[in-house]
Amino acid sequence: MPFVTPESALYPMVLRWVDTQFIASGLIEGRAQSTVVFSANVSQQSAGEGGLWSRPDLAAVVYTPARFLPNWQAELYSFEVKTFDGVGQTAVYEAFSHTRFANYSLLVWQDGPELSRNSELVIDLCREYGVGALTASDPRIPHSYKVQVKPQHFTVSPTGFDSFVIERFPATKRREIENWLAGNGWGRNGEELQ
Amino acid sequence: MTVKIAIANLKGGVGKSTTTMMLADALSLHAERKVLVVDLDPQANVSQMMLSFEGLQQSTRSSRTITAWMESLTGRTVTGAPLPDPRTATSTLRTHISGLSDFRPSMVRRTPSAGECSLWPSTPDLRFAELAFDHLFFQAGDIASPRNRMYADLALAFAEFQGLFDVILFDCPPGFSTLAQAAIMHSDIVVSPLNVDRVSMWSLKSFWTQGIDGYLGLTALKRRFALLTMVQGGRGAEAEKLSVRRDLQDFAREHRLGVEIPHSVQALRFVRRPATDSFQSFRHKYGPLVDRIRQFGEAIEDQIKNVEMERIHAEQRSAS
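Protein chains in written order, with the working numbering: chain X, 1 to 194; chain W, 195 to 514.
Just so you know, not all the hints are guaranteed correct.
Output of the computed footprint for chain W on chain X, the stretches with three or more beta carbons under 8 Å from beta carbons of chain W [to be verified]:
#1 78-90
#2 139-151
#3 158-172
#4 175-186
Non-contacting residues of chain W with respect to chain X, defined by C-beta distances greater than 10 Å in every case (computed) [to be verified]:
#5 Gly207
#6 Arg488
#7 Gln510
Read the hints as simulated data drawn from the structure, not as lab findings. No residue lacks a Cβ here, since even glycine has one placed at the ideal position from N, Cα and C.
The whole structure should be built from the sequences, with the hints applied where relevant.
Laid out in structure tokens, this is it:
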């Protein structure tokens with residue numbers, strides 16, 4: 001498998017993994033069969049407040065039910081995607097900076113079937129910073145992705161969570177999330193998110 | 195290299211959805227195939243059986259249905275509201291939804307070769323999405339225009355699914371809908387369940403000769419198989435049943451599967467999935483039918499391997 005460039009060519013490939021394998025990857029706690037995932041390419045959306053490294057490439061809102069909780073749990077995952085030669089120490093810091101608004105932050109990159117020395121160093125740094133590490137030997141094939149490090153949980157305020165979805169998720173995705181919430185009885189009485 | 199199989203017949207109530215579910219379970223569990231079930235039937239029987247009613251509702255609410263994908267093709271929801279951004283086919287799938295305990299998330303064998311079961315669920319309003327599609331893409335004087343357009347759209351969706359699945363099973367609705375026609379045109383194998391009665395037999399003949407050969411012009415689609423289902427039960431009319439069997443033998447010949455399904459597993463207690471997080475073992479789910487379903491899976495797995503071998507030979511020939 002040749003190394004994929006540019007980075008943006010990797011986005012739809014990683015999104016396919018998020019849409020099809022994420023729930024079985026062991027990254028999501030709880031009952032995977034009942035989990036609902038809304039994923040989006042958020043790389044093109046403008047970042048309201050701006051700032052350094054304030055824009056992940058992909059994101060997913062994950063709703064998980066629990067048996068003894070009266071509500072579903074909502075968590076935001078961010079994905080920073082890098083090419084084989086674009087991943088390094090700085091990428092880990094970039095992914096870590098996303099924990100300002102994401103409960104879990106992951107760094108995703110392409111590597112060969114055997115991990116390179118550079119990847120091993122990046123994985124060690126991810127572990128140190130609580131950033132998840134996900135590698136793919138062939139990013140086109142969702143079954144070739146491997147979780148190297150599970151991300152740590154970070155606390156995000158409800159308003160920070162809302163702001164991220166409002167500002168970064170495309171309109172159709174936002175509507176899908178609202179429809180899903182309304183269908184479960186948490187509607188906003190038809191009020192449309194702007 | 196995905197092999198596509200249509201479970202189709204013109205007649206309803208012959209066991210198409212149940213056959214689809216049985217085949218998905220057998221292929222994913224015993225043959226360790228990565229299976230995608232595409233529910234093309236607005237009755238959504240196989241979707242409900244595989245997801246549970248609650249699971250199907252959650253799929254609908256989160257736009258993970260084939261109906262949501264079809265809305266994207268027409269740019270409008272089934273209620274007529276505009277859909278500003280297109281959806282990818284992959285984002286409307288439900289993956290890892292097997293109700294077999296071997297695939298329970300905590301027990302999933304996470305090796306690239308292990309089987310799994312996914313679903314492109316249907317909803318009752320798929321029929322309206324399909325009607326909207328038919329109206330939008332009908333061209334005067336060409337009754338095949340919606341079907342040909344659907345064939346092309348499905349081809350794009352399958353290109354998106356590349357590398358995800360080994361086998362795609364189409365659960366076709368009774369009749370000959372646009373989606374069903376396009377799916378059959380994509381198929382390498384057709385399995386037609388039928389019961390031991392004259393109308394079922396009539397329906398099979400009509401489906402194969404008028405539908406597949408005539409209307410779709412797929413005379414080269416030789417991997418088509420008749421599967422007798424619900425052969426047990428019902429008293430009397432033994433002479434007529436024997437006559438139907440003889441008729442089937444004369445018509446289908448080597449295209450009749452040796453294995454038969456004795457009774458509808460729908461009638462068994464445990465087939466329907468009570469909740470999204472409920473699991474059963476294969477033996478518990480199918481009870482006395484386990485051996486038949488395993489044999490059925492093996493018969494189709496042999497055909498899948500034949501299709502794969504033919505493709506490898508064709509690639510080698512074209513390379514040389």
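Evaluation of the provided hints:
Chain W is given as covering the stretch 78-90 of chain X, and this is violated because 0 residues of the stretch bring a CB closer than 8 Å to a CB of that chain, at least three being needed. Residue count for the stretch 139-151 of chain X with a Cβ under 8 Å from a Cβ of chain W: 5. That meets the three needed, and the coverage hint holds. A stretch counts as covered by a chain when three or more of its residues have a beta carbon under 8 Å from one of that chain; for the stretch 158-172 of chain X and chain W the count is 3, and the coverage holds. Coverage of the stretch 175-186 of chain X by chain W holds in this model, with 5 residues showing a Cβ closer than 8 Å to a Cβ of that chain against a need of three.
With 10 Å as the threshold on Cβ separation, the claim that Gly207 (chain W) sits away from chain X holds: the shortest Cβ distance comes to roughly 30 Å. For Arg488 (chain W), the requirement that its beta carbon stay farther than 10 Å from each beta carbon of chain X is met, with the minimum near 24 Å. Look at Gln510 (chain W): its CB is around 22 Å from the nearest CB on chain X, clear of 10 Å, so calling it non-interface holds up.
The structure is inconsistent with hint 1 alone, although it conforms to all the rest.
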